[in-house]
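There are 2 protein chains.
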Amino acid sequence: MLNFSDRLIESIKKKNSVLIAGIDTSIENIPDYFIKRFYDKEKSEIDNLKTILFEYNRRIIDAVEENVVGVKFQAAFFEQYSYHGFEVLHKLCEYAKNKKLVVIFDGKRNDISSSAKGYSNAYLGETPVFGKKIRFFEFDAITTNPYLGQDGIKPFIEDCERFKKGLFVLVKTSNPSSGDFQDLMVEDKYLFEVVAEKVYEWGKNCIGKEGYSDVGAVVGATQLEAGKRIREILPNSFLLVPGIGVQGGKVEDLKYFVDSNNMGIIVNSSRDIIYAYKNYVHSDFEKSSYLASKSIKESINAAIS
Amino acid sequence: MLNFSDRLIESIKKKNSVLIAGIDTSIENIPDYFIKRFYDKEKSEIDNLKTILFEYNRRIIDAVEENVVGVKFQAAFFEQYSYHGFEVLHKLCEYAKNKKLVVIFDGKRNDISSSAKGYSNAYLGETPVFGKKIRFFEFDAITTNPYLGQDGIKPFIEDCERFKKGLFVLVKTSNPSSGDFQDLMVEDKYLFEVVAEKVYEWGKNCIGKEGYSDVGAVVGATQLEAGKRIREILPNSFLLVPGIGVQGGKVEDLKYFVDSNNMGIIVNSSRDIIYAYKNYVHSDFEKSSYLASKSIKESINAAIS
Chain A
1 MLNFSDRLIE
11 SIKKKNSVLI
21 AGIDTSIENI
31 PDYFIKRFYD
41 KEKSEIDNLK
51 TILFEYNRRI
61 IDAVEENVVG
71 VKFQAAFFEQ
81 YSYHGFEVLH
91 KLCEYAKNKK
101 LVVIFDGKRN
111 DISSSAKGYS
121 NAYLGETPVF
131 GKKIRFFEFD
141 AITTNPYLGQ
151 DGIKPFIEDC
161 ERFKKGLFVL
171 VKTSNPSSGD
181 FQDLMVEDKY
191 LFEVVAEKVY
201 EWGKNCIGKE
211 GYSDVGAVVG
221 ATQLEAGKRI
231 REILPNSFLL
241 VPGIGVQGGK
251 VEDLKYFVDS
261 NNMGIIVNSS
271 RDIIYAYKNY
281 VHSDFEKSSY
291 LASKSIKESI
301 NAAIS
Chain B
1 MLNFSDRLIE
11 SIKKKNSVLI
21 AGIDTSIENI
31 PDYFIKRFYD
41 KEKSEIDNLK
51 TILFEYNRRI
61 IDAVEENVVG
71 VKFQAAFFEQ
81 YSYHGFEVLH
91 KLCEYAKNKK
101 LVVIFDGKRN
111 DISSSAKGYS
121 NAYLGETPVF
131 GKKIRFFEFD
141 AITTNPYLGQ
151 DGIKPFIEDC
161 ERFKKGLFVL
171 VKTSNPSSGD
181 FQDLMVEDKY
191 LFEVVAEKVY
201 EWGKNCIGKE
211 GYSDVGAVVG
221 ATQLEAGKRI
231 REILPNSFLL
241 VPGIGVQGGK
251 VEDLKYFVDS
261 NNMGIIVNSS
271 RDIIYAYKNY
281 VHSDFEKSSY
291 LASKSIKESI
301 NAAIS
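Chains A and B supply the protein sequences, listed in that same order. Residue 297 in this note's numbering sits at position 297 of the first sequence, with consecutive numbering throughout. Residue 27 in this note's numbering sits at position 27 of the second sequence, with consecutive numbering throughout.
So here's chain A without its partners, still in its complex pose (with noise of 0.2 Å):
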């Protein structure tokens, strides 16, 4: 089996695409009409709710799919729903990689080393029950907070070395405050600098056959001269980035985020996608979303072709 950065890059030159949509749904947000159309009064309310974020989410995959190189899935969108929720994703997973879309987790895990193998068992690897080995979900990747150094999370780098699967180490984040540790001066480096640095560290013995590691980084697209130093850091590694669209971050600054071989970055939008109905056809949100993600897939090639 290759590497999971070989299959990505595998995936992203077969759908032209580097475009993740995020799979980040609230039951509020789901329009009434399709609300209406499989709300079953003979069902619990936690029936209803787990029907239909399934259903929804399960549409939203098939109407983005040709558009985008895979889905991530934000972790607290399902746990918000408590087990409930966590059924939804291991079915939205499972469906996803049918497909053979590229999955991610999105759960930002961090812990010692200890409990961080409970959540790369969970993720990427496969947990013991009985004298057995059950691999619980199918996720090509994780991201993962760096907070607790190098033991917290080389349980995760041992399952991507075995599983081939990949991890994305969160160093400069999108939202407003990310600066309030991020961008603290370590001597004469930032912090989220110090942290990247570890990241090449972390990923230097996960190289895929394209040179590509399978560790990298998440940093956000509203951060432009950070990301063109973690670019210099880690030339060889794929940036997750999130926030274009709803959170300020602009396609045409993506340019900066990309290698020397214009690669290495896959691009998240959740909002702007999972409920394009808002802003296109009201009354077809599979159709808006398809429109969306091709719209958004088009101006990421266009501005880092």
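What you were told as hints is all true, and nothing was included just to trick you.
Identical chains share a label here; the pair holds if one copy fits it or two copies do between them.
Distance condition first, Cα-Cα at most 30 Å in a straight line; then the derived DSBU-like pairs of lysine-lysine: (1) 278 - 133; (2) 189 - 228; (3) 41 - 133; (4) 15 - 255; (5) 154 - 198; (6) 132 - 278; (7) 204 - 228; (8) 91 - 15; (9) 287 - 100.
Derived by calculation from the structure, the hints in this document are not laboratory data. The structure displayed is predicted, hence computed values, not measured ones.
Model the placement of chain B on the given structure of chain A, informed by the hints.
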């Protein structure tokens, strides 16, 4: 309803204990005789897993109840079993809550504000579903990671205020490589000190009638010098202190973590309690966990009195 810090102080006084039992159970560490007792060949592997994970931890909670002020559930150990593990976590949270224990979700969650809100909805607050609001979990407090800065923490703080809940922000963790970033010098301070100062700011509007903030910090028992310094920066916050026992933290050092009232800490022990049968009475895990929790409680009380 009382603030989280006030409820915590009330419980500490009632129990004469600052000990928290960390429920970090992997099915592979549950004694064979217990698994055999509950394993039903007519049922699926997953149903057996759920039953045994619940029944074992439920008995641990019963066994230690008298000696602990609360329980902390390590999310990773439940997540490693996917949504099945989360369902067990949900039942155990309810079970512990009904025993009036302080119940903490140790998930170290973090994200941009819209996603952080999802996590906070799940564990501290309530989630909108079809126009109603559902409380999925009844946790008293959650752990969070500060790397994204203030706007990733704010949704949790707002729910702390609204629902009288608590927050423990990672400041200095117990693991060997916690120094990779946390000990970097930012001008004349360690990064963890800068984080502690922010925690002070974030918590200064959530003060209970006893004068303690509902926003506390996670500080590893292995971090003696950091602990002293963080205590100075956070004179009226609770410190959640993991890392005694297996991880190498010493109970005697806890006297440096308490505040001027010999208060302001809760101390987590996981493996020494949940797997105490390995060190005590092999054939009786409940008695073993009872004895271990009693002994740890007493040595902590002796160290900080």
